[in-house]
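Chemist: Spelled out, the chains give:
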Amino acid sequence: MSIVLKIIVQRLGLGVVTLFVVSILIFTAVNMLPGDFAQAILGQGATPEAVASIRRDLGLDQPPVLRYFHWLAGAIQGDLGNSFAQANFASFVGSDSGGNKASVAAQIAPRFWNTMFLAGVTALIAVPFSVLLGILAALYRSSVFDKFTNIFTLSSISSPEFFLAYILILFLAVLNPWLPSLSNIYQGMGFGERLEKTLLPALTLTLVVTAHMMRMTRAAIINLLASPYIEMARLKGTSPMRVIVRHALPNALAPIINVIALNLAYLITGVVVVEVVFVYPGIGQLFVDSVKIRDIPVVQACCLIFAAAYILLNLTADIMSILSNPRLRHPK
Amino acid sequence: MSRLLTMKNVWIEGRSDETWTPIINGIDLHLDKGEVLGLIGESGAGKSTMGLAAMGFCRDGVRISKGSVYFDGIDLLKASAAKKRSLLGKRIAYVAQSAAASFNPAHRIIDQHTEGPVQHSVMSRAQSEQDAIELYAKLRLPDPEQIGFRYPHQVSGGQLQRAMTAMAMSCRPDLIIFDEPTTALDVTTQIEVLASIRDIVDQFGTSAIYITHDLAVVAQMADRIKVLLKGDEVETNDTRAMLSHPKEEYTRSLWAVRHFKRPAKPAVHTSATPVVSVQAISAGYAKVDVLHEVSFDIHEGRTVAVVGESGSGKSTVARCITGLLPPREGVIEFDGIALPLDYRKRTKDQLRQAQMIYQMADTALNPQKTIGEIIGRPVEFYMGLKGRDKRRRVEELLDEIELPADQYFDRLPSELSGGQKQRIGIARALAAEPRFIICDEVTSALDQLVAEGILKLLARLQDELHLSYMFITHDLATVRSIADEVVVMKDGKVVEQGSKTEMFSPPHHPYTDLLLSSVPEMDPDWLSNLLAERGVENIGDAAVKKMK
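Sequences listed follow chains U and Y, in order.
When the letters of the first sequence are read in order and numbered with UniProt numbering, they come out as residues 1 to 332.
When the letters of the second sequence are read in order and numbered with UniProt numbering, they come out as residues 1 to 548.
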C-alpha cells in the first residue's frame, strides 16, 4: 500500500505545480489577446476617459506581472478575486463598490455544481453502457451485433455534438414529447425535475463518449483472448461469458479505466456546445463568455478547475490501475 | 482394459493467410483406461494440436477437417458446445506447458482450482477447497494449507506446475492431457514435478497423454510412445520395446542426438594470459545482490560453460562482462588489461572484441530488416566496410554459417526457421571479428537435432577462428558435448569449477551432483531408481531433501 500512498503524494505535489504553470499560461494568453475588459465592455464608441476610468477601478492599469502576483496571493489564500463583469454591473446600478456578492467563487459555484451534475448523470449512464457494450461486442466478436455496435458508436462519435443534440431533441422532445428540450435549471429545483431536464443533454453526451470507452473495452478484452490462461479457462469448460467477465476483464481493467478517466475529464471541461444547444447553465458557457469579455479572474478560475479535474481524474485512474494489478496489490 | 479414447484418421489444418495448410495428416490414436501415452516429436510435429484435438478443441485458426474423436462413446466432433463444456475440466483435463502463463494472474490459485468442480457441480466450493488442500499435500507442495490462497506470481514455477496438476485433478477426470509440463523447468525442479505427476496418475488410475520433445522424460512417464514428425506418425510401440528396438530411422536419430561430443583439448599453459578474466565481481540490481565474488578465466580457443538453475546469476555475469550492468566490485580483464566496467566508457575496439549470441533469436533480430542489413550493420560499424566490400563480407559470413548467400541475403527473419535465425545471430556476432563470444542459452529454444547443428557449427568456428566462448546453459547434455571447462553457479556464487573431465567424474560438489543426477536418462527405470537412491519412496521427500 505504501507504493500507492507515495504515488498519491507525489502526483498531488506535481498537480499543484501543474496548476501554477497553467495559471501563468492562461494569464499570459489572455493578456496577449487584443483588447481588454474595459474596451470589450464599453464597445466601439467608448471615450478614452471612460476606458481609463474602468481600468483604474479594476487595477488593469498596473503592469501584468504585478497583477498576476496580486491574483496569486489571493488565490493561495482561497480568494479567487472578483469578477470584472459583476463588479461593473454593481457600479452601474449605483450600489457600493464593495463587491463581495460579485466574487468569482460565488459566480462559479452554482455553474460548477450544474456541470458536475450533468457529468455525473452522463457518467452513470455512459460508463456501464459502454463497458457492457464492449463486453458483448468482445463476446460476439465479428458477429452482426459486433459490427452494428461498432458502426453505431463510430457514427455517433463522428457526428458533430450539436447535430446529435438536435436529432435527440427531434425524436425525444418534438415528435414524442417525452423529455423537455430546454434545460433551464435553477437553484432550489427538486431532484426529480432537475434530473428530467438534464436527461437530454446527458444522453447526447453519452452518445459522444460511448464509442471511445466501448471500443477500448472490446479491444482490451480481445487482446487477452489469445493468452494461455484464457485457453486454460476454456479448457476447464468455462462458459464464454464467464471466460470474458471473470478471466479476461480483470486483466483488461487498466487501459479501460484510463479511457474512462479521460472521457470523464472531457465531460467536465469540454461540453460547451451541448450546453449552448440545451441552454444548460454549466461552467463551459460561463468560461466562453468570460474569455469573450476578457474577464480574467473568471477565466483563471475556470481553467484551474479544468486542470484540476484532469489531474485528479488521471490520478484516480492510475491508482485504480495499480489496484487492479495483483502483482502490486500483493507483492511477493 | 477398456477403451477410453479413440481418434480415427484425424486430419487437422491451420489457416495461414487465406489457405489451409495441413498440420496433422490422418493419425490414429487410442488410449485405454489407466494408460499413459507419450507423444513425442520436434516442434512443428503437431503434438500439441493432436493433444488438444483429443479434447475436441482447436485453437483459433485451426480446424479438424476429417476424422473422428470418440471419448468414452461420445463423438466430440459432433457434440454441441455445451455438451463439450460439460466434459472439459470434468472428465478431460489439461495441464499446460507454462503454468506461470496459464494461471490467471488476477485470481488466487485456489479460486481457479475450485472453479471447475463448482461449475460442473462436482463439489461445493468448501468441499473443493478442502480437496485442493489435500491434493496440494499429496503433491507435496510446501504449506498446502496456505499456498492456494496466494496469487500465481507469489509462487515459484515448479510449485505452480504442481498446482496446475492438482487443478487438473480437481474433478478426478478420466483423462489428462499433459502438454510439455516440465519443459520450462530446471532439471532439479523437473524431477519433483515428474515424480508427483506419475504418483498422482497412478494413485487415481487416470489415463493420460503426455506430450514432450524429451525422450528421456517420456521414457519415465509413458506405457506406450507414439513418435510424430511433421504431422505424420512415425511409429508407435510400448516404451521399453521402442527404447530398445526403435524401428524407424527417424526415431533412431532422435536417440542419437545426445551423442555429439567434442574431443578434449590439451590443457592450457598455466602461464598463458586468459582472454577474459573475471575477478571477484559482485553485482546486483537496485538493493538486491545477485552476484557474490564470482571469478573465472576463459582462455583462447576454449569454451567455458557456466551452468546453474534459473536465478543462479548466469546471465547477470554475462551482463557484467559486456558492461551492460557495471559490477559493484571486482575487475574484468581482457588480454590482461582491465576493461572499464561501464560499456559506455569502453572503446569501439574493446566492444568489438566481445560479442553476444542470444537465447531467443526471434526477438534478437530486427523483424523489419533483411538478413543482409542485419549482418551488414556490424560489418560497417566495426570494420568500416561499405558498398561492395560490405556485401562481399556479408556473403562470406553467410557461407561461414552454411546458409547460401544468394538465397538468404534479401530475406526477412520471419521467413527463416528457428535454427536458421540462430545462425544469423551467430553471423552477426562473427561480423565484428571478435575474439570472445558469449552464448546465452543459444540452443535451449531449439529442437535437439537443430541444436546439435548449431553446436557443431560453433565448434567448427572455434577451431577455425580460435574463438573463446562463454556458454551459458542449464542443459548438462550441452555442457557435455561442447565445454572445455565448467563453472557451476548457485545463488550468485561459484560452487565448483574445473575442467569438464573433472566435473563429470566424482567426487562432485553436492550441488553439482544433484544437477548431474537430475538429468533424465533413457532408461525407463531411471526415475524410480533415482528416487530410491535418494532414499525416498515417493516424490515429496525429494523436495524436502533437495539442497539440504
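Read the hints as simulated data drawn from the structure, not as lab findings.
Errors might be hidden in some of the hints.
In silico negatives: residues of chain Y with every beta carbon more than 12 Å from chain U [stated by the list, open to error]: (1) L29; (2) L87; (3) S102; (4) N104; (5) E115; (6) D214; (7) T239; (8) H299; (9) F409; (10) L416; (11) S505; (12) D525.
Pairs of lysine to aspartate or glutamate residues, derived as DMTMM-like cross-links and limited to a Cα-Cα distance of at most 20 Å, are as follows [unchecked claim]: (13) Y:K83 / U:E231; (14) Y:K84 / U:D36; (15) Y:K490 / Y:E309; (16) Y:K261 / Y:E35.
Interface residues of chain Y toward chain U, partial, derived using beta-carbon atoms under 8 Å [to be verified]: (17) L88; (18) G89; (19) Y94; (20) A106; (21) S121; (22) Q146; (23) Q154; (24) G157; (25) Y382; (26) G384.
Here a beta-carbon is modelled for each residue, glycine too, at the ideal position from N, C-alpha and C.
Chemist: Check the structure against each numbered hint from earlier and tell me which ones fail, lowest number first.
Modeler: When the structure is compared with the hints, numbers 2, 3, 4, 5, 14, 16, 21, 22, 24, 25, 26 turn out to be violated.
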